[in-house]
Amino acid sequence: HMAKRLRVLAVVLAVACVLPFSACGKKKSGKSNGQDTPTVVKEDDPFFNAEIKELKLPIDPGRKLDTQYVSSCRFIGDVVLVEYNVNYDEEGDYDPDNVAESMAHGQAIYDLSGNLIHETKAGHWENTIAATIDKAGDLYFLVSVPNDHFEYTTRLRKVKDGKSEDVMDVPGSVSGSGMNTSVQILDDGNFAINLGSGITIYSKEGEKICTITDPGRIVSMNVYQVEGKSYILSRNSSFDEDADPQFKEVDLKTGKLGQGKSAPLMGHGASLTCIDNKLYAFKGSKVIRYDISSGSSETVFDWNDTDVDMWLVKGASCLPKNDNEYYAAFAERIDGFSSRACLVSLKRAEKNPNAGKTIITVGMPTLMAECSKCICSYNSDMTKKSRIKMIDYREQLILEGKDTDETTAEEYVRKEFLAGRVPDILVAFDSISGFKSDNLMVDLVPYIDSEGGLDRSLFYDNIFRAMEKNGKLFFAPLTFSVETLMVNDKFIPENAPWTYKGFLEAGRSVPDGVSFYPSKLKGRLLGDMLRTTKAEFLDYEKKTVHFDNDDFYTLLDIAKEFGLDKIPDEEQMKVTYLDDGTSISEGTFITPEDKFKEEILAVKESYVVSMLTYGMEKSFLKNHASYRGYPGKNGGGNAVMCITSMGITADSKNKDEAWNVIRSFYEKQAQIDLCAIYGLPMRKESFRATSENQMEELQASRKRMIEQADGNVDPSLDDFAPDIQPQDIDDVEKLILSIDRTFEGDGAIEDIVMEEAGGYFAGSRTKEDTAKNINNRGDILMKERG
Numbered sequence: 001h002m003a004k005r006l007r008v009l010a011v012v013l014a015v016a017c018v019l020p021f022s023a024c025g026k027k028k029s030g031k032s033n034g035q036d037t038p039t040v041v042k043e044d045d046p047f048f049n050a051e052i053k054e055l056k057l058p059i060d061p062g063r064k065l066d067t068q069y070v071s072s073c074r075f076i077g078d079v080v081l082v083e084y085n086v087n088y089d090e091e092g093d094y095d096p097d098n099v100a101e102s103m104a105h106g107q108a109i110y111d112l113s114g115n116l117i118h119e120t121k122a123g124h125w126e127n128t129i130a131a132t133i134d135k136a137g138d139l140y141f142l143v144s145v146p147n148d149h150f151e152y153t154t155r156l157r158k159v160k161d162g163k164s165e166d167v168m169d170v171p172g173s174v175s176g177s178g179m180n181t182s183v184q185i186l187d188d189g190n191f192a193i194n195l196g197s198g199i200t201i202y203s204k205e206g207e208k209i210c211t212i213t214d215p216g217r218i219v220s221m222n223v224y225q226v227e228g229k230s231y232i233l234s235r236n237s238s239f240d241e242d243a244d245p246q247f248k249e250v251d252l253k254t255g256k257l258g259q260g261k262s263a264p265l266m267g268h269g270a271s272l273t274c275i276d277n278k279l280y281a282f283k284g285s286k287v288i289r290y291d292i293s294s295g296s297s298e299t300v301f302d303w304n305d306t307d308v309d310m311w312l313v314k315g316a317s318c319l320p321k322n323d324n325e326y327y328a329a330f331a332e333r334i335d336g337f338s339s340r341a342c343l344v345s346l347k348r349a350e351k352n353p354n355a356g357k358t359i360i361t362v363g364m365p366t367l368m369a370e371c372s373k374c375i376c377s378y379n380s381d382m383t384k385k386s387r388i389k390m391i392d393y394r395e396q397l398i399l400e401g402k403d404t405d406e407t408t409a410e411e412y413v414r415k416e417f418l419a420g421r422v423p424d425i426l427v428a429f430d431s432i433s434g435f436k437s438d439n440l441m442v443d444l445v446p447y448i449d450s451e452g453g454l455d456r457s458l459f460y461d462n463i464f465r466a467m468e469k470n471g472k473l474f475f476a477p478l479t480f481s482v483e484t485l486m487v488n489d490k491f492i493p494e495n496a497p498w499t500y501k502g503f504l505e506a507g508r509s510v511p512d513g514v515s516f517y518p519s520k521l522k523g524r525l526l527g528d529m530l531r532t533t534k535a536e537f538l539d540y541e542k543k544t545v546h547f548d549n550d551d552f553y554t555l556l557d558i559a560k561e562f563g564l565d566k567i568p569d570e571e572q573m574k575v576t577y578l579d580d581g582t583s584i585s586e587g588t589f590i591t592p593e594d595k596f597k598e599e600i601l602a603v604k605e606s607y608v609v610s611m612l613t614y615g616m617e618k619s620f621l622k623n624h625a626s627y628r629g630y631p632g633k634n635g636g637g638n639a640v641m642c643i644t645s646m647g648i649t650a651d652s653k654n655k656d657e658a659w660n661v662i663r664s665f666y667e668k669q670a671q672i673d674l675c676a677i678y679g680l681p682m683r684k685e686s687f688r689a690t691s692e693n694q695m696e697e698l699q700a701s702r703k704r705m706i707e708q709a710d711g712n713v714d715p716s717l718d719d720f721a722p723d724i725q726p727q728d729i730d731d732v733e734k735l736i737l738s739i740d741r742t743f744e745g746d747g748a749i750e751d752i753v754m755e756e757a758g759g760y761f762a763g764s765r766t767k768e769d770t771a772k773n774i775n776n777r778g779d780i781l782m783k784e785r786g
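Heads up: the sequence shown begins at 1 in our numbering, then just goes up one per residue.
For the record, the hints were derived by calculation from the structure and aren't laboratory data.
Accuracy of the hints is not assured; some may be wrong.
Said to hold, decoys possible - Derived lysine-lysine pairs resembling DSBU-like cross-links, with alpha carbons at most 30 Å apart:
| hint | residue 1 | residue 2 |
| --- | --- | --- |
| 1 | 734 | 703 |
| 2 | 703 | 566 |
| 3 | 163 | 229 |
| 4 | 135 | 472 |
| 5 | 542 | 595 |
| 6 | 633 | 734 |
| 7 | 469 | 543 |
| 8 | 135 | 229 |
| 9 | 520 | 772 |
| 10 | 772 | 543 |
| 11 | 542 | 772 |
| 12 | 385 | 135 |
| 13 | 734 | 767 |
| 14 | 135 | 64 |
| 15 | 415 | 501 |
| 16 | 158 | 121 |
| 17 | 347 | 56 |
| 18 | 520 | 618 |
| 19 | 351 | 42 |
| 20 | 566 | 501 |
| 21 | 542 | 42 |
| 22 | 595 | 64 |
| 23 | 256 | 135 |
| 24 | 384 | 402 |
| 25 | 472 | 278 |
| 26 | 633 | 542 |
| 27 | 256 | 42 |
| 28 | 520 | 472 |
| 29 | 204 | 501 |
| 30 | 534 | 208 |
| 31 | 501 | 385 |
| 32 | 204 | 278 |
| 33 | 256 | 314 |
| 34 | 566 | 534 |
| 35 | 56 | 121 |
| 36 | 347 | 42 |
| 37 | 321 | 566 |
| 38 | 560 | 520 |
| 39 | 633 | 520 |
What you are looking at is a predicted structure, and each value in this text was computed from that prediction instead of being measured.
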């Protein structure tokens, strides 16, 4: 589902920084007593002034540009290599059947001032798959060239003073973009070339010297030469095992590898480079200097010490010149079709311009694009009294050598709380029931209703109320989606009760040949039902659980009757993982939307995060469908899923300043910016502004697509540019105002429920025994947490 895909994208990659925590005593009140000692920025704290330049692509000035896409932007030596594709908007004699006429791709080289110093226009079927530069400044390109029969050969080409010459042919071929290829000039002038299956060393004359492989393992793309020794980085090739990254010294004459040196810090895709006999690793928000012989590391640069949006530079190629000067190159997306190349120069300031400001640390499970931009805007505003520093817990796990599949951000933060190491603000932990406690978080209701709080009439106050627990608000919602169930009214009457038992009876009443609920495993379906009801079964104040009741027994029946033991083959993709780290997906995928449209599914999940996602469902709503919400103890209701939320930790030393930071994210423009990618804002006027802008964009896109189709309206157009009208904005606002519940989660409790419920689904255990086992294990877990 598109909304779900968007939500996943917002939390896939980690590029924020981690700061040291300080232990402090526990507090259980909302407002601070004014005696907390704030942490402030000092004059000698590092800060880097940043200058961002766009690297202008060599576009043909005589043609009208349609789109430009930067596929790679990275340093090779002291220059930036940009690989790009452009499409021109052709008119006149342009032949639409000859696509190649309107396309161009090539490579451009820029110096550290952003000046274009070389460009290479590739042939239509010729690919440059790797590049490097020697100490004299001469460029080398590894090029994949086809013959008349489209059989590819690989060639090393040298460019000197603007003139190119072929150095040698390289055995092996790569027909694609060469994502897993590299060329490198070693200290002795020989070449190290990797076409994806190991490194081969060639002499300056093109003679093969040796091949470097590590059986059963994958070797790095490059050789790392540090203090007279040469190393490769090796890891397990199996995805079923720990990556076990190791540096191994290599003999460049024989290819023989030495004993491995464990390097857990390199296990999650670190980008490495050697400069002046030092090895640097680029890990998310940090540049780390790494000592292979001792395995020690030192953070020498942190993006938190700049006013650059961290989301923009995630995965950026970095070039350390010295401890006071760094460069970064990255591709920035302009819109859904185009991107541009950028170069950032970073120079350390003599004095930190933020000296005297309060440091507010903000922790989140992983870097969130929508937060990163707003935090950058906040920090760039010199009138603000605080300076925000971000903590990315996924990155913290990686930096500590922990397996992110085995330890979740939730588990990590729980341990940080117990150790007294907490940030001032937690972001996006609102769905975790166990964090909604006076021992861990501050009740924000007194802040909201104080003189320096929020005017509730300007916001969707029902969402604030839905987020409360026993009258207390531990996480303030900033942006959100509406989570609901859509029902085909032909199969289930609109007045059908939406209690647990009513939901069960509705499922039993659907006609033959119609599925009641989307295809889900029984355990997953049970999890869906618990998402809005978990608070009924968990008591965090008393540290106990109580699943031995009729409501839970009914949920077990719902999951057993309408869940599946196996997802049908026609409804899933087959994914095969290859040794080189790539994957292949095969098969077709029948979506719940397809089945709902064909009227062979009675209920489907719906997510409204924008006018686009609502517009994609308009056709359903016009054709005997309605939003019913999720079933509950006393009836159904629509739920809120926070995309961005913020809460103040009980141990924060800067509670009042932390509230001022949170309040700033409720300002009109900040609310609009938080929804730039997707999500609905809490502020009513920001919702109107965002929705009207989305409506205008969708109407313009729809008009353009219809014109391109000579006036024909393709039915699939509603999936890309639905016909949004002002009434639709009103209808979405009504949906927002109907929200009366929220999603909550507790990963460890959910695991216990799923494990024990499996016995009931298999017929080997009664409901009562299942509930008893869950209660026993759940009580132990709750008490162990302290």
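Next on the checklist: Just to be careful, I want the Cα atoms of residue 734 and residue 767 compared with a cutoff of 30 Å; is the pair within it?
Outcome noted: Violated, at about 39 Å.
Next on the checklist: Check the hint pairing residue 542 with residue 42 against an upper bound of 30 Å on the C-alpha distance.
Outcome noted: At roughly 44 Å apart (the allowed maximum being 30 Å), residue 42 and residue 542 break the hint.
Checklist entry - Straight-line Cα separation of residue 734 and residue 703 no greater than 30 Å? => result The hint holds at about 28 Å.
Next on the checklist: For residue 415 and residue 501, compute the direct alpha-carbon distance and say whether it is at most 30 Å.
Outcome noted: violated, 39 Å
Item to check | residue 542 paired with residue 595 [C-alpha distance capped at 30 Å] | outcome: violated, 44 Å
Checklist entry - Under the criterion that the straight-line Cα-Cα distance not exceed 30 Å, is the pair residue 520, residue 472 satisfied? => result violated, 34 Å
Item to check | residue 633 paired with residue 520 [C-alpha distance capped at 30 Å] | outcome: Holds, at about 22 Å.
Checklist entry - Taking 30 Å as the top limit, are the C-alpha atoms of residue 135 and residue 472 close enough? => result violated, 64 Å
Checklist entry - Within a Cα-Cα threshold of 30 Å, do residue 384 and residue 402 meet the stated pairing? => result violated, 36 Å
Checklist entry - Going straight from one Cα to the other, do residue 472 and residue 278 come out at no more than 30 Å? => result violated, 53 Å
Item to check | Restraint status (C-alpha distance of residue 633 to residue 542 at most 30 Å) | outcome: holds, 22 Å
Checklist entry - Keeping to a limit of 30 Å between CA atoms, is the pair of residue 566 and residue 501 held or broken? => result OK: residue 566 and residue 501 at ~25 Å, within 30 Å.
Hint compliance for this structure: hints 2, 3, 4, 5, 12, 13, 14, 15, 21, 22, 24, 25, 27, 28, 29, 30, 31, 33, 37 are broken, all remaining hints hold.
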